[in-house]
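Protein chains in written order, with the working numbering: chain B, 1 to 212; chain X, 213 to 398.
Simulated from the structure, these hints should not be mistaken for lab results.
Don't take each hint at face value.
[Unchecked claim] Now the stretches of chain B that chain X is said to cover, found in silico as 3 or more residues with beta-carbon under 8 Å:
| # | stretch |
| --- | --- |
| 1 | 10–23 |
| 2 | 155–166 |
[Unchecked claim] Among the chain X residues that face chain B by a calculated CB cut under 10 Å, a handful are:
| # | residue |
| --- | --- |
| 3 | 234 |
| 4 | 264 |
| 5 | 273 |
| 6 | 278 |
| 7 | 279 |
| 8 | 281 |
| 9 | 285 |
| 10 | 370 |
| 11 | 375 |
| 12 | 377 |
| 13 | 389 |
Given the structure is predicted, the values throughout are model-derived calculations rather than measurements.
Don't be surprised by glycine CBs; every beta carbon is placed ideally from N, CA and C.
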Amino acid sequence: MPTEPPPSTLPPPSPALLARVDAMGPVRTRRPRLQLAGVALGSLAALVALLSIFRPRGDAASATVLIVAGVCVLAFVAELWWALVPPRGQVMPLRPAAGARVALTWLAMLTALVMAGHDAARGPTFMASARACLLVGTATALVPAALCFLALRRAVELGGWRVGAVVGGAAGALGALCLELHCANTHLLHVVLAHGGAALLPILIFAWVARR
Amino acid sequence: MTAGREAELMARYCDGDRAAFDALYVAVAPRLLGFVLGLVGDRALAEDILQETLLKLHEARSFYVRGADPVPWMFTIARHTAFDELRKKKRARVRLVDDDSRPPPEPRAELSGTPAEARGSEDPVGAEALAALDQLPEPQRQALLLTKVEGLSQAEAAARAGTTPGAIKLRAHRAYVALRKLVKRS
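Please take these sequences and the hints and turn them into a complete structure.
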């Protein structure tokens, strides 16, 4: 049996609360799916704008690149869904094992990036554009992260690092997608450390930012 | 009161219905107060935290998703508000110790809301258990209070604590083992 204090001992609402309740008007409640669509479209528009500046790689239309890009898009949408849409009947968009979900999605994306093929012997060296890739990837990730935090501003302080990690996962996936379409460096170390790192960095940064 | 009724009241509260706020307050505030009291062990502080929680809820109405059960969300807000207050109190206590170089009196956990003095020495084992409860890590203490004192199922407790039923089960078990050891030792 739940232990509740008897109703007679329940204090009345405070004057500050009553004043706000008396003055309240209707508020527009959150519509998670609409927010998801807005954040996804806004982020993809930002990606297109960035690619018009950074230019897509020469073989961007090849089947391999498109398959890896598809994996990145799937990871982006899945993590955006976990970040914004709560489980049925709940208010908070918190999923069980959020950290494990983000880690597994990142690993799946990294596997796709590596499996897409690399040629260390002929390819450019690892350091050639690693710093630029990290910068471009992280800059791309800022757009969906900012939109998500704007949509979730009331949940971030309650959800803590898990909300931050999932938002970072989605943002990182978009960063990895941008790099896959832009960077032609297929050196194994470059792909793992620069592209994989650009997808991982937002997870770590935003989990740290949103921690309690 | 069912989750559906609470969801309906919350939706009306978001629409600016004052009567819905009153009904929601009567339905949820006692449970929130009992929960917070279990966390902080001080009636006056628990009442302050309840008011702070309801203010935060009022400000966050626009985050509510229509049709969803608002109670676990309210408990999450209450839990975070309580932890923030406890953290503030802890910091204030550290400052006091720094200033006076003498330790302040430790507040006792009170599950019933009755002052420790009023309870007297009726139940020495119960008093030891309450004192030992203070020494448990916060997540373990919360899991124990929700499952063993409030009598919630693991799924309900997990929803309130913002974690998984498996984690609640593990924390409650660890808390139970630690509590037994502490009571035995004393």
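Honestly, which of those hints from before does the structure not fit?
-> 13
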